[in-house]
Amino acid sequence: MLYRESGQYKTSYIADQAIFPIREDRIGMGLIGLAAVCIPFFASDFFLNAIMTPFLILALAAIGLNILTGYAGQLSLGTGAFMGVGAYSCYKLTSIFPDVNIIVLVLASGLFSAAIGVVFGLPSLRIKGLYLAVTTLAAQFFLEWCFIRIPWLYNYNSSGAIEVPERRGFGDVILTGPSASAMTQYFVVLGIVVAITLAVKNIVRGRIGRQWMMIRDMDIAAELMGVRPLTAKLSAFAVSSYLCGVAGAMFIFFYLGAAEPSAFSITLSFQVLFMVILGGLGSLVGSFFGAAFIWGLPIVLRAGLPALGIGIAAETVFHIATMIVGALIIFFLIVEPHGLARLWSLGKEKLRVWPFPYG
Amino acid sequence: MRLKRLIAGSILAGTLAGAALPALADELFVPLFSYRTGPYAGSGIPIANGMHDYLTMLNERDGGINGVKLRIEECETGYDTQKGVECYEQVKGAGALLINPYSTGITLQVIPKASVDKIPVLSMAYGLSAAAIGNTFPWVFNPPDTYWDGASAIITDIARREGGAENLKGKKIGYIFLDAGYGREAIPLLEQLSETMGFELLQYPVPGKEMQNQSSQWLNIRRDRPDYMVMWGWGAMNPTAVKEATKIRYPMDKFYGVWWSGGNDDAAAGGEDAKGFRTLNFHGVGSDYPVIADIKKYVVDAGKSQVDPAKFADNLYNRGVYNSMLIAEGIRKAQEIAGKPMITASDMRNGLENLDVSEARLKEIGMEGFALPMKLTCEDHSGHHKVYIVEWDGKDWQKSGDWFSPDVGTVKPLLQKAAEDYVASNSPWPERTEPCLNK
Numbered sequence: 001m002l003y004r005e006s007g008q009y010k011t012s013y014i015a016d017q018a019i020f021p022i023r024e025d026r027i028g029m030g031l032i033g034l035a036a037v038c039i040p041f042f043a044s045d046f047f048l049n050a051i052m053t054p055f056l057i058l059a060l061a062a063i064g065l066n067i068l069t070g071y072a073g074q075l076s077l078g079t080g081a082f083m084g085v086g087a088y089s090c091y092k093l094t095s096i097f098p099d100v101n102i103i104v105l106v107l108a109s110g111l112f113s114a115a116i117g118v119v120f121g122l123p124s125l126r127i128k129g130l131y132l133a134v135t136t137l138a139a140q141f142f143l144e145w146c147f148i149r150i151p152w153l154y155n156y157n158s159s160g161a162i163e164v165p166e167r168r169g170f171g172d173v174i175l176t177g178p179s180a181s182a183m184t185q186y187f188v189v190l191g192i193v194v195a196i197t198l199a200v201k202n203i204v205r206g207r208i209g210r211q212w213m214m215i216r217d218m219d220i221a222a223e224l225m226g227v228r229p230l231t232a233k234l235s236a237f238a239v240s241s242y243l244c245g246v247a248g249a250m251f252i253f254f255y256l257g258a259a260e261p262s263a264f265s266i267t268l269s270f271q272v273l274f275m276v277i278l279g280g281l282g283s284l285v286g287s288f289f290g291a292a293f294i295w296g297l298p299i300v301l302r303a304g305l306p307a308l309g310i311g312i313a314a315e316t317v318f319h320i321a322t323m324i325v326g327a328l329i330i331f332f333l334i335v336e337p338h339g340l341a342r343l344w345s346l347g348k349e350k351l352r353v354w355p356f357p358y359g
Numbered sequence: 001m002r003l004k005r006l007i008a009g010s011i012l013a014g015t016l017a018g019a020a021l022p023a024l025a026d027e028l029f030v031p032l033f034s035y036r037t038g039p040y041a042g043s044g045i046p047i048a049n050g051m052h053d054y055l056t057m058l059n060e061r062d063g064g065i066n067g068v069k070l071r072i073e074e075c076e077t078g079y080d081t082q083k084g085v086e087c088y089e090q091v092k093g094a095g096a097l098l099i100n101p102y103s104t105g106i107t108l109q110v111i112p113k114a115s116v117d118k119i120p121v122l123s124m125a126y127g128l129s130a131a132a133i134g135n136t137f138p139w140v141f142n143p144p145d146t147y148w149d150g151a152s153a154i155i156t157d158i159a160r161r162e163g164g165a166e167n168l169k170g171k172k173i174g175y176i177f178l179d180a181g182y183g184r185e186a187i188p189l190l191e192q193l194s195e196t197m198g199f200e201l202l203q204y205p206v207p208g209k210e211m212q213n214q215s216s217q218w219l220n221i222r223r224d225r226p227d228y229m230v231m232w233g234w235g236a237m238n239p240t241a242v243k244e245a246t247k248i249r250y251p252m253d254k255f256y257g258v259w260w261s262g263g264n265d266d267a268a269a270g271g272e273d274a275k276g277f278r279t280l281n282f283h284g285v286g287s288d289y290p291v292i293a294d295i296k297k298y299v300v301d302a303g304k305s306q307v308d309p310a311k312f313a314d315n316l317y318n319r320g321v322y323n324s325m326l327i328a329e330g331i332r333k334a335q336e337i338a339g340k341p342m343i344t345a346s347d348m349r350n351g352l353e354n355l356d357v358s359e360a361r362l363k364e365i366g367m368e369g370f371a372l373p374m375k376l377t378c379e380d381h382s383g384h385h386k387v388y389i390v391e392w393d394g395k396d397w398q399k400s401g402d403w404f405s406p407d408v409g410t411v412k413p414l415l416q417k418a419a420e421d422y423v424a425s426n427s428p429w430p431e432r433t434e435p436c437l438n439k
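Line order of the protein sequences matches chains S and Z.
Under the UniProt record's numbering, read the first sequence as residues 1 to 359, first letter to last.
Under the UniProt record's numbering, read the second sequence as residues 1 to 439, first letter to last.
By construction, these hints were calculated from the structure, which means they are not laboratory data.
If you're wondering where the values come from, they're calculated on a predicted model, not measured in any experiment.
Among the clues, some could well be false.
Stated by the list, open to error - With a cut-off of at most 30 Å between alpha-carbon atoms, the simulated DSSO-like pairs for lysine-lysine come out as follows:
| no. | chain 1 | residue 1 | chain 2 | residue 2 |
| --- | --- | --- | --- | --- |
| 1 | Z | K296 | Z | K209 |
| 2 | Z | K209 | S | K92 |
| 3 | Z | K209 | S | K128 |
| 4 | Z | K275 | S | K92 |
| 5 | S | K10 | S | K128 |
Unchecked claim - Simulated restraints on C-beta separations:
| no. | chain 1 | residue 1 | chain 2 | residue 2 | range |
| --- | --- | --- | --- | --- | --- |
| 6 | S | P98 | Z | R432 | 21 to 31 Å |
| 7 | Z | K340 | S | F42 | 28 to 38 Å |
| 8 | S | I320 | Z | S425 | 38 to 48 Å |
| 9 | Z | R161 | S | N155 | 36 to 46 Å |
| 10 | S | V119 | Z | S425 | 53 to 63 Å |
| 11 | S | E336 | Z | P341 | 28 to 38 Å |
A virtual CB, placed ideally from N, CA and C, is assigned to each residue, including glycine.
Construct the entire structure; sequences and hints are all you get.
This is the structure in structure tokens:
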């Protein structure tokens, strides 16, 4: 009824190729954007700091992995380590150039991650599938080993941890460090994530993204049609690692505040992988769904069950959340491999023709 | 559709609950970060039970502290720093009196936040050693001893057995540690001591992921044949190390653990063969104390505890009790200073800073012989108190030798320097503005 595109005529190629061709979608996005901007003025610090900010950051990491796995079809288990590369390079950069705006450094640190991603992506030219997953697993372990064993990376800190120093920007606003306000950090993260997501959306709609998808769907056919696997695969690795690196840098600088190497362990890689699987392979909006689900579920369970009058021990919530996520992953893999994003688009299809199911 | 509504409903309920958490007006909120899941649960469960049960006992027996009930809530961290930060954000908004991170990694993370959010951090005998410098870290407390005190105490005991510090020259001392913030914490001090005393320090890091498979480390130890071994382990690392040590027939009486390697299950993994394994301790072992009897009567027998009866009052459980005693005495002191029973986190900081648990007070709370008197000052948030050694007799821990002091002369200047380094690398670090009440 409300969500119907009849009567909306596109009169130009630009309108036809818009990211959101349907007016209702644009209105919806506008409302979400408005909500995103208004939330900090109503929400508590806990909501911003512990839910929204990490959700956005992990959504970016999920987009990064989605580029590689969902769009280009190269399975990776090294997401955590690539995020770590971003975090450590941002930390080193800000130690060397303390006066440069931290946002610039966050964006720049993704480049280091991209370079390392390309190096570890080289085997993908020869090997595929599970074998490639094993080489990315090797990347994960090797990089984690570096974070522990190369003291230069953490400025010879005796605890082996990196601690985020206070950095100001835009006049004298405190952007990072313990005194930064939750609202500032949220807006910075929101800005970066939205800007990058828009850029990525345009990349995947364009020539490069189509090459990735061709490689994913059938690499031999793609090669015969003139797609160079070298550039396509390595660019997927580069873009993916760049996003993960930026997400990792933000994870430390705008969320955790300090980190040990164990923050970037294989657990984080799997966490992001689950987000991608649950959210939907090959879908940007799915990355957001997946991140919201995986990050939000334990928090909702923990805060929600007592509010409903169900007294529950802290560790039981943990177990329940793990069980639910595990069961859902199996469920989605069997029933809907394209994840929450697919459910979302099915819902939209249904809405479009509602109330006439066969309209 | 129904499912969707259910999901939407629970999300809504969740957000509402998140907003409606602030503490009730007539309770003091004491959050306990604990971990009953994951690879560190073996150490985490007894600690969490001990902490929880002592505070519950105060609620049941005395109706709280000075008439104010304690609201005790556990937040599961799984020893994971990510979850720890989430727990911190959650309890911060709910009016927490203090933070008990129970993980060195989480402690490192909350230290900079604590001074901004004005919530004291009580990291009892763990966390950042340099936090003992109260003028640099007014919001962080690590009584009764820092890791560096612990490391120096072990070396002191080794020196005593060798017949003097000069006999350590040329000896080999192995250090096997969990390769994380926690295990690395002791290295600077051990390196310093190895330089001044002339022993050789051999390091055997155990990565957290592989702590249940230490055969390569112990193979190296068998090759290097260190005269003594020192362990900084936690969780599943401890029982594995003890088992491996017995397997290579390392002389167990020359194998030392820090206090966190002293769980009953840790040593029991080696069984009779682990006889002689020594760890540091700063509180009583066993259940022969009035306070433990009270916990049994009011909490365990009343069915208000999660503890497995067979593991009641084991070594780590008692450590949890000791930790909660510090919390309770800190609250009492804070109430005394503030002159009212309802205190804030800032009052709590004053309470901890002026903590003075005398012999008489220990007797009053049923801990005579369980712990030594302890006192903190504005300058010294740790106190460098005396410790003693417990020895595994094949079934339980037994006190071995008397209480003795760590090598405070070496530790103190190093702490001062470490605090200065911390300030330098975290500049601008806030100056202390909190007044000192015990000058």
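Structure-based check of all given hints:
Restraint check for K296/Z and K209/Z: the C-alpha separation of about 37 Å exceeds 30 Å, so the hint is violated. A C-alpha spacing of about 26 Å is found between K209/Z and K92/S, which places the hinted pair at or below 30 Å, so the restraint holds. With a C-alpha separation of about 27 Å, the suggested pair K209/Z and K128/S falls inside the 30 Å cut-off, and the hint holds. Taken as a hint, the K275/Z and K92/S pair is broken in the structure, with Cα atoms around 48 Å apart against an allowance of 30 Å.
For the hint linking K10/S to K128/S, the alpha-carbon distance of about 42 Å lies beyond 30 Å, and the restraint is violated. The supplied range of 21 to 31 Å is met by P98/S and R432/Z, whose beta-carbon atoms lie about 24 Å from each other. In this structure the hint that K340/Z and F42/S lie 28 to 38 Å apart at CB holds, the actual value being about 33 Å. Distance hint check: the CB atoms of I320/S and S425/Z are about 41 Å apart, consistent with the given range 38 to 48 Å.
Range check, R161/Z to N155/S: about 38 Å between beta-carbon atoms, so the 36 to 46 Å window is met. Between V119/S and S425/Z the C-beta distance comes to about 30 Å, which lies outside the given range of 53 to 63 Å. Between E336/S and P341/Z the C-beta distance comes to about 56 Å, which lies outside the given range of 28 to 38 Å.
Hints 1, 4, 5, 10 and 11 from the list above are not met by this structure, while the remaining hints are.
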